[in-house]
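Starting from the known structure of chain A, fit chain B onto it as the hints suggest.
If you read the sequences in order, they're chains A and B. Note that this note's numbering has the first sequence beginning at 1342, numbered continuously upward. Note that this note's numbering has the second sequence beginning at 1342, numbered continuously upward.
To be clear, the hints were calculated from the coordinates, so they are not data collected in a lab. Heads up, some of the hints might be wrong.
Which copy? The list can't say, so a pair holds if one copy fits it or any two copies do.
Unchecked claim - Restricting the straight-line Cα-Cα distance to at most 30 Å, the calculated cross-link-like pairs of lysine-lysine (DSSO-like) are:
#  : residue 1 : residue 2
1  : 1469      : 1351
2  : 1351      : 1542
3  : 1469      : 1522
4  : 1399      : 1385
5  : 1450      : 1468
6  : 1450      : 1356
7  : 1542      : 1511
8  : 1356      : 1511
9  : 1399      : 1450
10 : 1511      : 1450
11 : 1469      : 1399
12 : 1468      : 1511
Because the structure is a prediction, the values reported are computed rather than measured.
Below, each chain spelled out in residue letters.
There are 2 protein chains.
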Amino acid sequence: MYFHALIPFKPVNPKTRLSCILNQEEREAFARAMLEDVIAAVQKSGCSATLLCTHSFKHENALVAVRTEPLNDAINWALGQFHCPALIIMGDIPLVTAGDIQRLIRTEKDMSIVPGRGGGTNIIFLKKPRCFRADYYGASFLDHMRIAEECGFSVEVIDSFRMSTDIDEKEDLVEILIHGKGRRSREYLENSGFSIALDEKGRVGVQRDPHEEAL
Amino acid sequence: MYFHALIPFKPVNPKTRLSCILNQEEREAFARAMLEDVIAAVQKSGCSATLLCTHSFKHENALVAVRTEPLNDAINWALGQFHCPALIIMGDIPLVTAGDIQRLIRTEKDMSIVPGRGGGTNIIFLKKPRCFRADYYGASFLDHMRIAEECGFSVEVIDSFRMSTDIDEKEDLVEILIHGKGRRSREYLENSGFSIALDEKGRVGVQRDPHEEAL
Chain A
1342 MYFHALIPFK PVNPKTRLSC ILNQEEREAF ARAMLEDVIA AVQKSGCSAT LLCTHSFKHE
1402 NALVAVRTEP LNDAINWALG QFHCPALIIM GDIPLVTAGD IQRLIRTEKD MSIVPGRGGG
1462 TNIIFLKKPR CFRADYYGAS FLDHMRIAEE CGFSVEVIDS FRMSTDIDEK EDLVEILIHG
1522 KGRRSREYLE NSGFSIALDE KGRVGVQRDP HEEAL
Chain B
1342 MYFHALIPFK PVNPKTRLSC ILNQEEREAF ARAMLEDVIA AVQKSGCSAT LLCTHSFKHE
1402 NALVAVRTEP LNDAINWALG QFHCPALIIM GDIPLVTAGD IQRLIRTEKD MSIVPGRGGG
1462 TNIIFLKKPR CFRADYYGAS FLDHMRIAEE CGFSVEVIDS FRMSTDIDEK EDLVEILIHG
1522 KGRRSREYLE NSGFSIALDE KGRVGVQRDP HEEAL
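Chain A on its own, in the form it takes in the complex (with noise of 0.2 Å):
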């Protein structure tokens, strides 16, 4: 079965949230990291992918869209291109794997869906993306659950820790250091002096060696 995948990608001053520990370059080079991650997992499971980019961008692997207008309006443009199946699938999902991205192609529902931590969706497999609609933000677990069943789909919803974890904030670093053996988000964290540590009260978290803030 040939599909597109379909990567929202932010190239300039990404991951805000990571402005604590990370300056705005280095959040550019992390993020491209772990876009790299995602990309490598999309083309082992025979995907080909396109990003839909906020500001103009180069891959040699990727297709690229350039989309100004907001993150729906620009997947549900590029949903109603497609004529074959789409995965959607966000670009700061790095512990994913090329044999987890199978588990939801091979789905023998209308669509599979992976929800993210705290009521978010981070990957959407659609057999007909044409009738879909996307609608990020808040809690869109939710609301696409709701827009499939208004589309008349089956769904099957996947049950995956390294899927469901999207890296937003500095606590979130710690899963990659932990779990993301092999990933290239994980090399520039390493590269950047980024370690395990744990606080008083045995809490695990991440630390930074000094000499290697460029902040």
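Positioned in the frame of chain A, the structure of chain B alone reads:
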């Protein structure tokens, strides 16, 4: 295959990180509701449940051992008693299902493990429990992987959002309200006036109807 599920449980003043929204009596009732969800999944999967309690506690459908030593010592004492495979499962992962537990106990490896968020360990299944020792607190997932290696165990890491979601903080309640259909813990939260709410940035959180507060 016959085996025991070992569930550590603190009946008195549990879940103190929820003190900002639940008083002690409420936290005790909520912890019991989550425990009921876990016990229901455990029993439906064909296991018997043994609670390792810090204080005196009674339960109709589970054996209770009151152990006043620290958590790791209590678990390691219990593992030493077992001559059959054992599951160590936390009482604060109410999204777990019987099918999820089956994924662990059907492993072909010597051990299967489910990481929790933030470096923790939420479930361990051990075919030879007497050889193992638990080391919770801190980055316990990495510690348990190391201990398994020292024991010469082959290990399967199970990828699951539901099982990796332990409920510690106010933000975690979102997961129960969104994904916890049919759970006792969700019923408790709803009856206590909790519902999903969006903040001004569109992020999902919980709110509580002030009429339902007993604080």
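Comparing the hints with the structure gives:
1. 1469 / 1351: Within one copy, since 26 Å is at most 30 Å while 49 Å is not.
2. 1351 / 1542: between (36 Å within a copy, 18 Å between copies)
3. 1469 / 1522: Answer is between; shortest inter-copy Cα gap is 28 Å, intra-copy 35 Å.
4. 1399 / 1385: within (20 Å within a copy, 52 Å between copies)
5. 1450 / 1468: Intra 9 Å, inter 36 Å, cutoff 30 Å: intra-copy only.
6. 1450 / 1356: Neither. Shortest intra-copy (33 Å) and inter-copy (39 Å) distances fail the 30 Å Cα cut-off.
7. 1542 / 1511: both (18 Å within a copy, 18 Å between copies)
8. 1356 / 1511: This pair counts as both: shortest intra-copy Cα distance 10 Å, inter-copy 23 Å.
9. 1399 / 1450: Result: close neither inside a copy nor across copies, 35 Å intra and 44 Å inter.
10. 1511 / 1450: neither (36 Å within a copy, 34 Å between copies)
11. 1469 / 1399: within (29 Å within a copy, 53 Å between copies)
12. 1468 / 1511: Intra 35 Å, inter 37 Å, cutoff 30 Å: neither.
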